[in-house]
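Participant: Based on the sequences and whatever the hints tell you, model everything.
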Amino acid sequence: MTERIVVSDAALDELEASRTFEAFYEAEARTLFRRLWLVTGNRAEAEELMQDAFLSVWQRWDRVGGMDDPLGYLYRTAMNLFRKRYRRAMLAIRLTVGLAPSDDDFSDADDRQVVRHVLATLPPRQRAALVLTEMLGFTSKEAGDALGVTDATIRSLTRHGREAFRKVMEVDDA
Amino acid sequence: MPRIADVLERESRTVDLEQGDFERLLVRRERKQRNARIRAGALGVIVALAMGMVLVRSLTTDEIPASPPDDLAPAPLSGAIAYDLRGQIHVAGADGSNPVAIADVGAIDDECPGEVYTHAPSWSPDGRYLAFSRFTECRPDPTRHDIAIADLQGNVVESFRVAAGLQGIAWSPDSTRVAVWDEYGWGARGVGTFTIGIFGIDGTSETFAMPPGWESSWSGAPIWTPDGDSVIVNELAVPLDGGTPREIPFHGTFNDPSGGWWEGALAYSPDGSQMAYGTREGLMVARADGSDPRRVSGDGAHAAAWSPTGELIAVASATPGTDQFTKVEDGGAHEQAPDRLRIVDVATGSVTVLSQGEPGTWFAVIGFTPDGNRVVFGEHRPVEGQPEGTYLDSIWSIGIDGSDPRQIVVGTYSGVLRPAGPGGGDQP
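If you're matching them up, the sequences are chains A and B in order. In terms of this note's numbering, the first sequence has 8 at position 8, counting the first letter as 1, and numbering is strictly consecutive. In terms of this note's numbering, the second sequence has 206 at position 206, counting the first letter as 1, and numbering is strictly consecutive.
Keep in mind that a hint or two might mislead.
[What the hints assert, rightly or not] Facing chain B, according to a computed beta carbon distance under 10 Å, are these residues of chain A, among others: (1) Thr31; (2) Arg34; (3) Glu47; (4) Leu157; (5) Arg159.
[Stated by the list, open to error] Going by beta-carbon spacing under 8 Å, a handful of chain B positions derived as facing chain A: (6) Ala5; (7) Glu9; (8) Asp16; (9) Asp21; (10) Phe22; (11) Arg31; (12) Asn155.
[Unchecked claim] Listed below are the simulated EDC-like cross-link pairs for lysine to aspartate or glutamate, each with C-alpha atoms no more than 16 Å apart in a straight line: (13) A/Lys84 x B/Asp104; (14) B/Lys32 x A/Asp145; (15) A/Lys141 x B/Asp202; (16) A/Lys84 x A/Glu48; (17) A/Lys141 x A/Asp151; (18) A/Lys84 x A/Asp52; (19) A/Lys84 x A/Asp145; (20) B/Lys32 x A/Glu48.
Just so you know, the hints here were simulated from the structure itself, not pulled from any lab data. Glycine is no exception: its CB is placed at the ideal position from the N, C-alpha and C atoms.
Facilitator: Here it is as structure tokens:
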């Protein structure tokens, strides 16, 4: 007699959800990681932020998965996490030894390309604003919501970032 | 020419995730869940109840947040008062509680790794921004002066290099620009260079050079006219459309019979319809264009601030007949010390004494509280029994009837109140 394995509907739903989340992860993780690396300048920190953002989305996947724009939710989550970590890190640094954040992949500019040199001169907030607006097409308002600042602040941050690029290389930033 | 987005995209592709990233995600998830279980166990019944409440809430709400949950803590720089203390600006509650140094909330920017000194805070009229002067040890430029504008979260919205590191930043009435002295000084053969800088929160920057041969008699911040079209410096109104500066009769410095000199106060009423200004003869009130002046009291006001309703003016002035002088420059210039603090009723001219200082005391009017019931002021007073030149600085608030004095800060007598704009300041 063939034994039948009965799987509950709930278990099936969970399995299906995990599959779709995994597919979502496979499709988007690498890109998010790369963009977070541009913002943080640190591989390990970028991967941590990426993982925490996906974990946060996974916790809410039953709802986020059904959104029109789960990717937008993912990026807003990631930027929210970045903003909180950055503020805590800066506060900790200023309360202790007053040093700049260490292990910045952009910091060694001696043999880096021009782009990395420019990125090294930008504070992380400016990098984040550039990534959100230039690469992801966020409006100033959307980027401001993601980073917890006003749209005027975003425009200022991106203006500085674009100016930094313009000074060292010919780019079209229209 | 490549787009910045393309440049960034190419750069981002120079890195990649190492293999096994999804497995690492699963490990991290397991670790977070395990830590959560441990914490839940450690907190026991209280956590269990809390988690139960969360479960009920999650089962009953259909709301999907459009954005991830945000930090609900109040904005770090949303306090009622900002002041200079030991080389750093602090923002504190109305009673001086919970002071936050702006350096500690990141309102400095990390462009220069050296020590940063901040001073001269100035709130925008809408209460949303704090402008301040910043002196930074930068490399290779070790004496960099900036004017920085921060939002209430501590983010530096804009910053502008200036040549001078003077006190005094003045916001335009519409909260979009600040006016400062950009260049201020005397060069070779006594020829001076005086340039006003007008800097916007949108990044715009303009400078206005003062007429050749003109010399400043006071280094206080420019004063905006209520229409935002001009700024007043010393005895001149400087149009911001590039027009010719014109002399004005209602502001300037005054010499007293003993050779001292002081700058008369100039303050516009909250609705912009009137001005109050100090002269040797007393406190004057006039229309905003300077017409129809009338004397409302005998106070030769060094500093003045209008109440929110425009009915009262708080004035710091020197007691007549006293010989109060404070040396302000090694060159021998003296200034008459405003050693009394009073409130003048604009309509009736009646005066209420808030505080009469000992000889050598200097009062600075900071302003009325948003509800108009108290006056916040700074006090610089000699300490009895101590060597000459020993002073105690503090900021106080006092009822408009002279009652209930409350000390807010010790160590400085310079501060600014955050206006009750959309950001809203509470009451000292």
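Participant: Are the hints correct? Go through all of them and say.
Facilitator: Hints and how they fare:
Taking 10 Å as the C-beta cut-off, the interface hint given for threonine 31 of chain A holds, the closest approach to chain B being about 8 Å. Annotation: interface hint on arginine 34 of chain A holds; nearest CB of chain B at approximately 4 Å, less than 10 Å. Contact between glutamate 47 of chain A and chain B, as hinted, is supported at the beta carbon level, the nearest pair being about 7 Å apart and thus within 10 Å. A cut of 10 Å between beta carbons decides the hint on leucine 157 of chain A: the least distance to chain B is about 8 Å, and the hint holds.
About 6 Å separates the beta-carbon of arginine 159 of chain A from the nearest beta-carbon of chain B, less than 10 Å, and the hint is met. Taking 8 Å as the C-beta cut-off, the interface hint given for alanine 5 of chain B holds, the closest approach to chain A being about 4 Å. This hint holds: glutamate 9 of chain B has a C-beta 6 Å from the nearest C-beta of chain A, less than the 8 Å allowed. At about 7 Å, the closest approach between the beta carbon of aspartate 16 of chain B and any beta carbon in chain A falls short of 8 Å, and the interface hint on this residue holds.
Hint status for aspartate 21 of chain B: holds, given a least beta-carbon distance of 6 Å to chain A, under 8 Å. With its C-beta approaching chain A no nearer than about 6 Å, phenylalanine 22 of chain B sits inside the 8 Å limit, and its interface hint holds. The beta carbon of arginine 31 of chain B comes no nearer than 10 Å to any beta carbon in chain A, farther than 8 Å, and the hint placing it at the interface is violated. This hint holds: asparagine 155 of chain B has a C-beta 5 Å from the nearest C-beta of chain A, less than the 8 Å allowed.
Distance restraint check for lysine 84 of chain A and aspartate 104 of chain B: the Cα-Cα separation of roughly 14 Å lies within the 16 Å cut-off, and the hinted pair is therefore satisfied. Between lysine 32 of chain B and aspartate 145 of chain A the alpha-carbon distance is near 27 Å, which puts this suggested pair outside the 16 Å criterion. The hinted pair formed by lysine 141 of chain A and aspartate 202 of chain B meets the criterion: a straight-line CA distance of about 15 Å does not exceed 16 Å. Restraint check for lysine 84 of chain A and glutamate 48 of chain A: satisfied, since their Cα atoms lie roughly 13 Å apart, inside the 16 Å limit.
For the hint linking lysine 141 of chain A to aspartate 151 of chain A, the alpha-carbon distance of about 5 Å falls within 16 Å, and the restraint holds. The straight-line distance between the Cα atoms of lysine 84 of chain A and aspartate 52 of chain A is roughly 12 Å, inside the 16 Å bound, and the hint therefore holds. As the CA atoms of lysine 84 of chain A and aspartate 145 of chain A are separated by approximately 13 Å, the hinted pair is consistent with the 16 Å bound. A hinted pair counts as satisfied when its Cα atoms are at most 16 Å apart, and lysine 32 of chain B with glutamate 48 of chain A qualifies at roughly 13 Å.
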